[in-house]
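J.: Just so you know, the sequences run in chain order A and B.
Our numbering numbers the first residue of the first sequence as 1 and each following residue consecutively.
Our numbering numbers the first residue of the second sequence as 1 and each following residue consecutively.
In case anyone wonders, no lab produced these hints; they're calculated from the structure.
Predicted model only: the values in this text are computed from it and were never measured.
Using N, Cα and C, we set each Cβ at its ideal position, and we do this for glycine too.
Don't take every hint at face value.
[To be verified] Pairwise CB distance ranges (calculated):
# : chain 1 : residue 1 : chain 2 : residue 2 : range
1 : A       : 45        : B       : 29        : 37 to 45 angstroms
2 : A       : 83        : B       : 132       : 51 to 59 angstroms
3 : B       : 73        : A       : 228       : 45 to 53 angstroms
4 : A       : 134       : B       : 80        : 51 to 59 angstroms
5 : B       : 104       : A       : 133       : 49 to 57 angstroms
6 : A       : 36        : B       : 264       : 37 to 45 angstroms
[To be verified] Quick look at which bits of chain B chain A covers, simulated, 3 or more residues with Cβ under 8 angstroms:
#  : segment
7  : 59-70
8  : 86-100
9  : 158-164
10 : 181-188
11 : 213-225
12 : 229-242
13 : 246-259
Protein chains: 2
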Amino acid sequence: MFDTLTIVGVGLISGSFSLALKDKGLVKHVIGVSRTQASIDKALELGLIDESLPIEDAVKKSDLIYIAIPVDVTVPIMRKVMDLVNEKQIVADAGSTKQVLCEALANHPMRRRFVATHPMWGTEYSGPEAAVKESFAGRTCVICEREKSDPDAVQKIEEVYRQLGMNLVNMDPVSHDVHAAYVSHISHITSFALANTVLEKEKEGDAIFELAGGGFESTVRLAKSSPAMWAPIFMQNKENVLDVLNEHISQLRKFKSSLEKENYEYLVELMENANKIRRIIK
Amino acid sequence: MFDTLTIVGVGLISGSFSLALKDKGLVKHVIGVSRTQASIDKALELGLIDESLPIEDAVKKSDLIYIAIPVDVTVPIMRKVMDLVNEKQIVADAGSTKQVLCEALANHPMRRRFVATHPMWGTEYSGPEAAVKESFAGRTCVICEREKSDPDAVQKIEEVYRQLGMNLVNMDPVSHDVHAAYVSHISHITSFALANTVLEKEKEGDAIFELAGGGFESTVRLAKSSPAMWAPIFMQNKENVLDVLNEHISQLRKFKSSLEKENYEYLVELMENANKIRRIIK
């Protein structure tokens, strides 16, 4: 489908994207762009990329430029890339926030060559070592402002994600950011906060961790995630994240109140309500 | 090792215990005791038990009586069982709280035939259908008040858990309940509360759940857990759970404050601290 793909950022998402496209025979040659030489070396070694070039040279040689870097640096890099592309090239991003980026590019003369996407897949690991070929499949990919991109660009990007096994959903950037706060960002914050809660206890000198079982691991897993990636997401989606965080604290206070008052019925009611999540996750 | 085992409660833990013992050749015959006929039928069908009897008859025929029922009904059932056993029989429980039970049995004339245990394994599912043979292995089992049990009883129970692949830890019941609040009970509360947070949003009519990815599933998984099992645990361990819950809410407030003040440095500091959990979970 593509002769040459440039990935800007050579980490978990872009590396997995590259591996998956190579695996499906959707790309012949992959160029990596990164400020970090160690990441480039690792990406070359792991076969995520075939060569590394400065961003200007890489963009010039590519049919598709795929940008997956922390959201606080996405806008300036994206502007730079968009200034370089012609009417046959396609640019797509994989960022976890969409409103700021879409607004920043709204009036760019090449806006129609850009497709705003958020493949809702990831792990708690980062960097090129974290990339895996078996990724994305079975998950949802959000496409924002589909109507603002050229049909040929949208069709190709959608076809790529479909071939990776993703379900496509169209959404405006504002709705995307609200929903991402609920189904992704808050999970990371609760996990970070839970880790801090338990680490606070560890200071008292107890070796409580040999007790930690599967339930603990599963709720605290995301606390291993990269601050360089997640802090900018929380900041950029601040209003939505704060709304959800306030709701979450108020839900925790209901549990607190039911325990303080020894209101067994209320406690059970809260838990039975939570059980309804069974409808949503298998 | 045992001719006949009675499991009181035929659910996730007791059923998995029975399957594992049968698998390792540690027991010849298993009797199930339950108030729920449907559970007994299912347990017989799945081969978790070989027969079902009233509790008095079951105890009389058994070398080992293993009690795994919600902690609010454990004390009365345990008293009944302890009143029935002789000096050769062994009684063990698998409860998630230990202080109330150990205090309740402290002066029982047969106390030395009881071994207080908490195998730190489980899933979010319950009932006999949830039982799996491959369970317990690689996890920690806490033994409380080891010195108050007869050496032959402790040795046999420890040997069973060792053969199931568990790491044994001795702990007094008060410490156990504190630590369980940190590494198990709080994870369940945050998960229940997170489910309620997101379900609250769903009321607004949005179909946000197709977006839910692996991170969300992992943090919210425990919200599927049984209220009949977990509400009594939270109530019985109320003081410790409230301590941890207060700490957790205060940790969440730190994230809230860092976002409200747009204090990026503080936000990153909170997340970098949480990353230290990498030392503890792989």
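J.: Give me the numbers of the hints this structure contradicts, sorted from smallest to largest.
T.: Violated: hints 1, 6, 7, 8 and 9.
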